[in-house]
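Novice: The lines below spell out each chain.
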Amino acid sequence: MTLVAQLITSFIASTGFGVMFNAPKPSLLKGGFVGMTGWVIYYLMEQSGIDAVIATVTASFFIAVISQIFAKVYRTPVIIFSVAGIIPLVPGGLAYDAMRNFVQNDYNTAINLAAKAFMISGSIAVGLVFSEVINQIIRNATMIRQEKQ
Amino acid sequence: MEKQLTHTYEVIQVCLLAGKVMLQNGGETYRVEDTMRRIAEAFGAANSDSYVTPTGIFFTVEGPEPSKTQLIRILERTTDLHKVAKVNSISRRISGGKLSIQEAYSELEKLDKQSERYTFRAQLIAAAIASGCFLIMFQGSWDDFFPAVLAGGGGFFSVTWFNRLVPIKFFSEFLASFVIGLMAVFFVYTGLGTELDKIIIGSVMPLVPGLLITNAVRDLMAGHLISGLSKGAEAFLTAFAIGAGIAVVVSFL
Numbered sequence: 532m533t534l535v536a537q538l539i540t541s542f543i544a545s546t547g548f549g550v551m552f553n554a555p556k557p558s559l560l561k562g563g564f565v566g567m568t569g570w571v572i573y574y575l576m577e578q579s580g581i582d583a584v585i586a587t588v589t590a591s592f593f594i595a596v597i598s599q600i601f602a603k604v605y606r607t608p609v610i611i612f613s614v615a616g617i618i619p620l621v622p623g624g625l626a627y628d629a630m631r632n633f634v635q636n637d638y639n640t641a642i643n644l645a646a647k648a649f650m651i652s653g654s655i656a657v658g659l660v661f662s663e664v665i666n667q668i669i670r671n672a673t674m675i676r677q678e679k680q
Numbered sequence: 035m036e037k038q039l040t041h042t043y044e045v046i047q048v049c050l051l052a053g054k055v056m057l058q059n060g061g062e063t064y065r066v067e068d069t070m071r072r073i074a075e076a077f078g079a080a081n082s083d084s085y086v087t088p089t090g091i092f093f094t095v096e097g098p099e100p101s102k103t104q105l106i107r108i109l110e111r112t113t114d115l116h117k118v119a120k121v122n123s124i125s126r127r128i129s130g131g132k133l134s135i136q137e138a139y140s141e142l143e144k145l146d147k148q149s150e151r152y153t154f155r156a157q158l159i160a161a162a163i164a165s166g167c168f169l170i171m172f173q174g175s176w177d178d179f180f181p182a183v184l185a186g187g188g189g190f191f192s193v194t195w196f197n198r199l200v201p202i203k204f205f206s207e208f209l210a211s212f213v214i215g216l217m218a219v220f221f222v223y224t225g226l227g228t229e230l231d232k233i234i235i236g237s238v239m240p241l242v243p244g245l246l247i248t249n250a251v252r253d254l255m256a257g258h259l260i261s262g263l264s265k266g267a268e269a270f271l272t273a274f275a276i277g278a279g280i281a282v283v284v285s286f287l
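Protein sequence lines correspond, in order, to chains A and B.
Just add 531 to the spot in the first sequence (first one is 1) and you have this note's numbering.
Just add 34 to the spot in the second sequence (first one is 1) and you have this note's numbering.
Okay, chain A solo, but in the shape it has when bound:
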């Protein structure tokens, strides 16, 4: 039941972000689907006790892969699909907690939380870059093979 609620809310939230970022109408639902998949991967991994950083890397990797496939099929820039998908992974809650602790003069906890938020936003980017690199390797490998023939 909670999983169903997570599926539905993450789909709606990602689609909503598509509207806020003015994504083209035909790609709204696809963006929602990308966001939903990424969030479910993250959610299931985190629920089974895996570290949030690793869960984020995996989720953002899959978000990038699906976005790249969509981008290729529908001939639109990758960013249109990946942006809305990434938003749920952004550590807004952690950043908020960090800020709140800063204000309450609890600097130790605050720095802790801020470092964690930085790690997670870094790992979103790592996941994205990783899938891009693999994509490039595949593309270059096929190009080299074609040149040989």
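By construction, these hints were calculated from the structure, which means they are not laboratory data.
Treat the hints with care, since some could be wrong.
Calculated pairs, DMTMM-like style, for lysine to aspartate or glutamate (alpha carbon to alpha carbon, straight line, at most 20 Å) [as the list claims (entries may be wrong)]:
(1) A:K556 / A:D637
(2) B:K54 / B:D146
(3) A:K603 / B:D146
(4) B:K54 / B:E75
(5) B:K102 / B:E67
(6) B:K132 / B:E143
(7) A:K556 / B:D114
(8) A:K647 / B:D231
(9) B:K132 / B:E44
(10) A:K556 / B:E150
(11) B:K102 / B:D68
(12) B:K54 / B:E99
Note that the structure is predicted; figures quoted are calculated from it, not measured.
Since chain A is already given, all that's left is putting chain B on it; use the hints.
Specialist: Quick look at chain B alone, frame taken from chain A:
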């Protein structure tokens, strides 16, 4: 020779306009550089070089005649994926040889001026509902769904409204998150909401610079050090503005 010169200038202008529209609306740095290079190549300027930062683009075309450089300034940045996609398709058509320089320029200019956005009401509703959904995603209870929807909608409304009054992005973000904080405290105080933290986190999400943060790290890794650092600075300022707005409310509790 004279004709060649004006041709090169026209090519540069088309490239710069395409780059500007893309960068202003949230295109990635490498995509902007790539698009400009492709357009220049399609119009016969094989040797081009660009330097793209979030606040300006330099573009050079080299050829048999002395090389020419122009720059374009970028003052405001928003996220409008529709325009990014449109520039991309225009650049594809140019590469396919389906557009002349004049046609390409007038199409890009039209795209730059028009704003084919979703209506403000649609975006407001999207922001509000997304806030509610984020609350559920962050393990909030369904009792807090409507408070988060209202606070998130209020936050999005005020960031747009304040942005019209004061064109300083960070100030309007600060005020908007202040409004969110006040609304959340009000809901919890009157018993409509239960968890203050969850409501605030959910409704702040539409303001969070998630796209900027990830693009910043990505640019840094791709070697675009200047744009990475400046995007990071922008993201940090936005996050700080949001945090400060909430902090003002929290510290008075």
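Novice: None of the hints should be skipped; say for each whether it holds.
Specialist: Hint-by-hint comparison with the structure:
{"no.": "1", "hint": "A:K556 / A:D637", "in the structure": "violated (46 Å)"}
{"no.": "2", "hint": "B:K54 / B:D146", "in the structure": "holds (9 Å)"}
{"no.": "3", "hint": "A:K603 / B:D146", "in the structure": "violated (26 Å)"}
{"no.": "4", "hint": "B:K54 / B:E75", "in the structure": "holds (18 Å)"}
{"no.": "5", "hint": "B:K102 / B:E67", "in the structure": "holds (17 Å)"}
{"no.": "6", "hint": "B:K132 / B:E143", "in the structure": "holds (17 Å)"}
{"no.": "7", "hint": "A:K556 / B:D114", "in the structure": "holds (12 Å)"}
{"no.": "8", "hint": "A:K647 / B:D231", "in the structure": "holds (18 Å)"}
{"no.": "9", "hint": "B:K132 / B:E44", "in the structure": "holds (17 Å)"}
{"no.": "10", "hint": "A:K556 / B:E150", "in the structure": "holds (11 Å)"}
{"no.": "11", "hint": "B:K102 / B:D68", "in the structure": "holds (19 Å)"}
{"no.": "12", "hint": "B:K54 / B:E99", "in the structure": "violated (26 Å)"}
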